[in-house]
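S.K.: Sequence:
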Amino acid sequence: MDAMRRFLLLVTVPALLVAAWWAATANSTDFFWPPLSKILGTFGETWFDGRFTADVLPSLARLLAGYLLALVIGAGLGVAIGSVRVLRAFLEPVLEFFRAIPSPVLVPVLMLFAGIGNGMKVLVIVSGCVWPILLNTVEGVRALDEVLRDTARCYRMRPHSRLVHLVLRGASPRIAAGARQALSIGIILMVISEMFAASNGLGFTIIQFQRSFSIPQMWSGIILLGLIGIALSAVFHLVEARALNWYTGLRRSQRES
290 MDAMRRFLLL VTVPALLVAA WWAATANSTD FFWPPLSKIL GTFGETWFDG RFTADVLPSL
350 ARLLAGYLLA LVIGAGLGVA IGSVRVLRAF LEPVLEFFRA IPSPVLVPVL MLFAGIGNGM
410 KVLVIVSGCV WPILLNTVEG VRALDEVLRD TARCYRMRPH SRLVHLVLRG ASPRIAAGAR
470 QALSIGIILM VISEMFAASN GLGFTIIQFQ RSFSIPQMWS GIILLGLIGI ALSAVFHLVE
530 ARALNWYTGL RRSQRES
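Heads up: the sequence shown begins at 290 in the working numbering, then just goes up one per residue.
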């Protein structure tokens with residue numbers, strides 16, 4: 290019963306939005322606002338007739354590469370900065386400066402140094418995704434219980450064991466929160482990076498549809514981006530639930546007690 294209620298709550302708002310869109314555009318004659326039925330009618334032939342392997346898969350590959358690279362860099366630097374007070378005091382002004390720079394602004398700069406290939410697009414994704422992961426990791430490491438630190442020191446845990454079982458495990462809820470924010474940022478930057486000097490990808494194809502006035506196809510690309518976002522969010526939720534099973538169980542037992 291609870292599972293059915295959660296499912297209904299999950300699909301109610303999207304279903305109402307789709308129904309409202311369908312009703313609002315059912316008799317539309319506006320060239321730029323075609324009926325939803327026409328958009329859905331072009332969806333299959335637009336994206337599953339060669340474009341899925343030529344545009345969608347390369348975009349997802351670049352997103353995955355940039356996201357994983359940002360996760361490694363952000364978590365690694367975050368652990369180092371959060372663990373060493375002097376390093377944190379030294380780097381904090383620099384981090385605040387670069388964090389305040391919008392990632393899309395860096396696209397022309399990265400094009401100068403990395404060219405217009407896949408490397409530039411991956412770097413754009415990394416430049417935006419790394420900050421929420423890095424900052425959340427720093428805060429997660431700083432928030433570790435000092436009693437646990439002293440206990441690990443008293444039992445003379447090896448540095449590797451202390452890093453894996455104390456630091457990373459204790460900071461993992463904050464790291465997961467930063468990674469969840471970075472995923473949505475990565476999808477946005479994936480599209481933006483493909484709008485500059487690209488030859489394939491979702492962003493490139495949507496812009497081409499817009500420039501050639503293929504409006505239903507353009508809207509179908511926007512819908513596809515939304516579906517990809519939902520699918521990636523669901524995958525992330527499954528991985529997070531499995532990785533943080535100990536944390537959710539601890540919180541549940543604390544609430545019950």
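Hint data in this document are derived by calculation from the structure and do not stem from the laboratory. Ideal Cβ positions, reconstructed from N, Cα and C, are used throughout, including at glycine. Please note: incorrect hints may appear among the correct ones.
Unchecked claim - Label pairs and their computed distance ranges (CB to CB): (1) ALA520 with ASN489: 17 to 23 Å; (2) PHE402 with THR440: 43 to 49 Å; (3) ALA520 with THR301: 29 to 35 Å; (4) ALA486 with LEU437: 48 to 54 Å; (5) TRP311 with ILE477: 22 to 28 Å; (6) LEU539 with ILE362: 18 to 24 Å; (7) ARG388 with LEU329: 37 to 43 Å; (8) GLY339 with VAL398: 57 to 63 Å; (9) PHE525 with ALA315: 34 to 40 Å; (10) PHE321 with ILE519: 23 to 29 Å; (11) LEU539 with ILE477: 29 to 35 Å; (12) GLN470 with PHE402: 25 to 31 Å.
S.K.: Work down the list of hints and note, for each, if the structure agrees.
M.R.: Hint-by-hint comparison with the structure:
For the pair ALA520 and ASN489, the supplied restraint of 17 to 23 Å holds, since their beta-carbon distance comes to about 20 Å. The hinted range of 43 to 49 Å is satisfied by PHE402 and THR440, whose Cβ atoms lie roughly 47 Å apart. Between ALA520 and THR301, the C-beta spacing of about 19 Å breaks the proposed range 29 to 35 Å. Look at ALA486 against LEU437: about 50 Å separates their beta carbons, and that is inside 48 to 54 Å.
Between TRP311 and ILE477 the beta carbon distance is about 26 Å. The supplied range of 22 to 28 Å therefore holds. A beta carbon spacing of about 29 Å between LEU539 and ILE362 contradicts the range 18 to 24 Å that was offered as a hint. Checking the proposed 37 to 43 Å range against ARG388 and LEU329 shows it holds: the Cβ atoms sit about 40 Å from each other. Checking the proposed 57 to 63 Å range against GLY339 and VAL398 shows it is violated: the Cβ atoms sit about 34 Å from each other.
PHE525 and ALA315 have their C-beta atoms about 35 Å apart, which keeps the hinted 34 to 40 Å range intact. Taking 23 to 29 Å as the suggested C-beta distance range, the pair PHE321 and ILE519 conforms, at roughly 25 Å. Roughly 33 Å separates the CB atoms of LEU539 and ILE477, a value that falls within the hinted 29 to 35 Å. Separation of GLN470 from PHE402 is about 27 Å and conforms to the stated range, judged on CB atoms against 25 to 31 Å.
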